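**Student:** As they're listed, the protein sequences go chains A and B. Read in the working numbering, the first sequence has 89 at position 89, and its numbers run on one by one without any break. Read in the working numbering, the second sequence has 184 at position 184, and its numbers run on one by one without any break.
Calculated from the structure, these hints are not laboratory results. Be aware that one or more of the hints could be misleading.
[Said to hold, decoys possible] Subject to a maximum C-alpha distance of 25 angstroms in a straight line, what follows is the list of computed BS3-like cross-link-like pairs (lysine-lysine):
| hint | chain 1 | residue 1 | chain 2 | residue 2 |
| --- | --- | --- | --- | --- |
| 1 | A | K23 | B | K91 |
| 2 | B | K411 | B | K37 |
| 3 | B | K37 | B | K91 |
| 4 | A | K10 | B | K334 |
| 5 | B | K91 | B | K262 |
| 6 | A | K92 | B | K334 |
| 7 | B | K444 | B | K478 |
| 8 | B | K286 | B | K257 |
| 9 | B | K387 | B | K292 |
| 10 | B | K292 | B | K233 |
| 11 | B | K37 | B | K4 |
| 12 | A | K23 | B | K262 |
| 13 | B | K257 | A | K23 |
[Stated by the list, open to error] Just some of the chain B residues that point at chain A, by a computed CB distance under 7 angstroms:
| hint | residue |
| --- | --- |
| 14 | K4 |
| 15 | R85 |
| 16 | Y192 |
| 17 | P304 |
| 18 | V308 |
| 19 | Y326 |
| 20 | Q331 |
| 21 | N332 |
| 22 | L336 |
| 23 | K353 |
| 24 | Y361 |
| 25 | Y368 |
| 26 | K374 |
| 27 | I378 |
Computed from a prediction, not measured in an experiment: that's the story for all the values here. We treat Cβ as the ideally placed atom computed from N, Cα and C, and that holds for glycine.
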Amino acid sequence: MSLSTTEVNKIAWLGRIAIDDDKIEAYAHDLSGILDFVEQMSALDTSSVVPMAHPMDQAQRLRADQVTEDNQRELFQANAPSVDAGLFLVPKVIE
Amino acid sequence: MHNKTIAELSRGLQQRHFSSLELTELFLNRIDEHNEKLNAFITVTDELAWEQAKQADVRLSSGQSNALTGIPIAQKDIFCTQGVRTSCGSKMLDNFTAPYNATVVERFNQAGAVMLGKLNMDEFAMGSSNETSYYGPVKNPWDIGTVPGGSSGGSAAAVASRIAPGATGTDTGGSIRQPAAFCGITGLKPTYGLVSRWGMIAFASSLDQGGPMARTAEDCALMLQTMAGFDEKDSTSVNRPVEDFSATLNERLAGLKIGLPKEFFGEGLDPEIATLIHEAVADYVKLGATVKEISLPNMNLSAPAYYVVAPAECSSNLARFDGVRYGYRCQNPKDLHDLYTRSRGEGFGAEVKRRILIGTYVLSAGYYDAYYLKAQKIRRLISDDFKRAFQEVDVIMGPTSPSVAFRFGEKSADPIAMYLSDIYTIALNLAGLPGMSIPVGFSKNLPVGMQIIGNYFSESRLLNVAHQYQQVTDWHHKTPVGFCDSH
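Let the hints inform the model, and build the full structure from the sequences given.
**Tutor:** Here's what the structure looks like:
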C-alpha cells in the first residue's frame, strides 16, 4: 500500500490538519509504512467472525433525558481563545 | 523515608509517627532536587499539596481517615484537575486549565490523598518512549540516556526515583505496563470499565483504561481501591460491586496454574529477558504453581489490528480540538478553514498527526470494512484466544516488552519499530483484559518487567500473584543510583 502525495493532501484536508508542502513526502512514506504493517490483517479469513465493539459486549447505557448539569458557560469559556458576549469568535464566515 | 512504600507510609501516618505535612514537604523537596534531570513533572502543585496535607492531618487526627489519607501521589497529566493546567503533554493544551476534576482525581481527593503535581507523558498518550511530549522527554532514572517508556513515562520515572510514592497512569496499548517495566516498578492496567474514564482525556475510547503505578503490588491494591468503581458519568463504566483488593494479597499460590504463551517467547525477544522471565516463573513453581505452555495463535495480528483501531478512534476523539472552544489557536487565521487546519497542524506534534491521518484514512468512505471492521473482527479472535486459554490456566505470564529501555532517538525515526515495543501488551487492550507488570531482575543494568495477565475482573488475583512474588524477591525494592540518598 503506497499513498501518493495527492492522497496525503486529501486525508490531511479531511482531518483538518495543515501540513507544510516540504513534509508531505515524509508523511506519505510513514503512512504507507503503517498501512503496509496493518495489511497483515488481510492474510486471515474473517468472513464468519462477528466484530467486537466492546470488550465485554456491553451495550451503551442510556440515561433519562433530564437536565443534570448547571450552565457553566463563563467557566468553560475561560479556556476559549476568543469570546464576546458569551459567543465563541471565529473569522467571518459569511460576507 | 522516601524509600518506604505507600502501605508503610500509611501506617506511619495512622500511628502519627509523622504528619502528612512532613511527608509532603519531603517529597516536594525531592521533586525540587531531582525533577530537573528527570523532567518527570510538567506541573508541580505545591500550594495545593500544602493545603491538602493540612486537611489530611486534620482527618488523620480525628480518625476520619483511610489508607490513602495524607499520602502524596502524582497524577498523569491526562487527568483533568480543576484549576490546574491539564496539558496531556501537548502544545494544543499548554494553556488549558481544566474546569473540573476527572472522577479518578475526585476519588483521590475524597480519600484525602495529596496531589504533588501533574506528570509528563507522550503527547495525548501516543508513544512508547515519552519522546513525543511537547515538554521534552522524561529520562529513565536507571540511566538518563535511556527512555522511561511511555506513554506514562513521567509516572514510572517519578515512582522509580522515589520523588512520588505512587502515581496514576493510563494504558491504551501498554502505556502503564511498558514504562513500569522500563523503570523497574509495579503497574496495573485494570479490566476495561473498572476505572472511570470521565475527565481522562480520550485517545482510543474502546481501549483506554486508567490504573495505578507504584513500587509494590500491595500499593497498587491500595490505589486501585480508590480508583475503581462504577461511575454513571462514564457510559462504558461497568456496574458491579468493587471488591477489597487487599483482602486476598496473602493467599498462598499452591495450585496456581500459569500459562506461558509460546507466541511471547519467539523471535524478537531479547534472550536475557527470556531467561529472567523463566527464572521468575521458576520462583512461582517454588511457591506451588504449575506451568504449562499455551498458545494464543492470533497474537501476531494484535499490533496490526491495534494500529487501525487506536488511530481510528484517535482521529474521531481529537476532532474536538478545533482552535475555537479551548486549546491552541494559530495566529491571524485568514478564514475558518485556515483556523482549523493551522491550529491543528501547529498544535499537534508529528506522531499525533500521523495517527490522526491514519485514522482519517481508515475511516474514510470506502475503506471502513477493509480496515476498522476487519480490525474489530480480529479483536474478537484475539479475545477468543484468551477465553480458551483461561479455561486451562489461572494467569498468563510473559515478558512485558521485548527489550529493556532503549536509548533516546533509537526508535523515534521509525514508527513501526516504536510500535513493536508494545507487541506483548497490546492484545490485552484489544480484549479488555487486566494485566500487570512487575520487576523481575536486570539485564544490561536496566530493569526487566514480567507481565501477568488475568481474566476479566481478576485484579484481586493478579495483585495476590504479584504480591506473593514480592514477598520472596526484592527486585521491587531496588533504587536507582543517585536517588537512594535520604533528603
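**Student:** Now tell me if each hint is right for this structure.
**Tutor:** Structure-based check of all given hints:
{"no.": "1", "hint": "K23(A) to K91(B)", "verdict": "holds (20 angstroms)"}
{"no.": "2", "hint": "K411(B) to K37(B)", "verdict": "holds (22 angstroms)"}
{"no.": "3", "hint": "K37(B) to K91(B)", "verdict": "holds (21 angstroms)"}
{"no.": "4", "hint": "K10(A) to K334(B)", "verdict": "holds (21 angstroms)"}
{"no.": "5", "hint": "K91(B) to K262(B)", "verdict": "violated (42 angstroms)"}
{"no.": "6", "hint": "K92(A) to K334(B)", "verdict": "holds (9 angstroms)"}
{"no.": "7", "hint": "K444(B) to K478(B)", "verdict": "holds (15 angstroms)"}
{"no.": "8", "hint": "K286(B) to K257(B)", "verdict": "holds (13 angstroms)"}
{"no.": "9", "hint": "K387(B) to K292(B)", "verdict": "holds (16 angstroms)"}
{"no.": "10", "hint": "K292(B) to K233(B)", "verdict": "violated (42 angstroms)"}
{"no.": "11", "hint": "K37(B) to K4(B)", "verdict": "holds (22 angstroms)"}
{"no.": "12", "hint": "K23(A) to K262(B)", "verdict": "violated (42 angstroms)"}
{"no.": "13", "hint": "K257(B) to K23(A)", "verdict": "violated (52 angstroms)"}
{"no.": "14", "hint": "K4", "verdict": "violated (36 angstroms)"}
{"no.": "15", "hint": "R85", "verdict": "violated (11 angstroms)"}
{"no.": "16", "hint": "Y192", "verdict": "holds (4 angstroms)"}
{"no.": "17", "hint": "P304", "verdict": "holds (4 angstroms)"}
{"no.": "18", "hint": "V308", "verdict": "holds (5 angstroms)"}
{"no.": "19", "hint": "Y326", "verdict": "holds (4 angstroms)"}
{"no.": "20", "hint": "Q331", "verdict": "violated (11 angstroms)"}
{"no.": "21", "hint": "N332", "verdict": "violated (9 angstroms)"}
{"no.": "22", "hint": "L336", "verdict": "holds (5 angstroms)"}
{"no.": "23", "hint": "K353", "verdict": "holds (6 angstroms)"}
{"no.": "24", "hint": "Y361", "verdict": "holds (5 angstroms)"}
{"no.": "25", "hint": "Y368", "verdict": "violated (11 angstroms)"}
{"no.": "26", "hint": "K374", "verdict": "holds (5 angstroms)"}
{"no.": "27", "hint": "I378", "verdict": "holds (6 angstroms)"}
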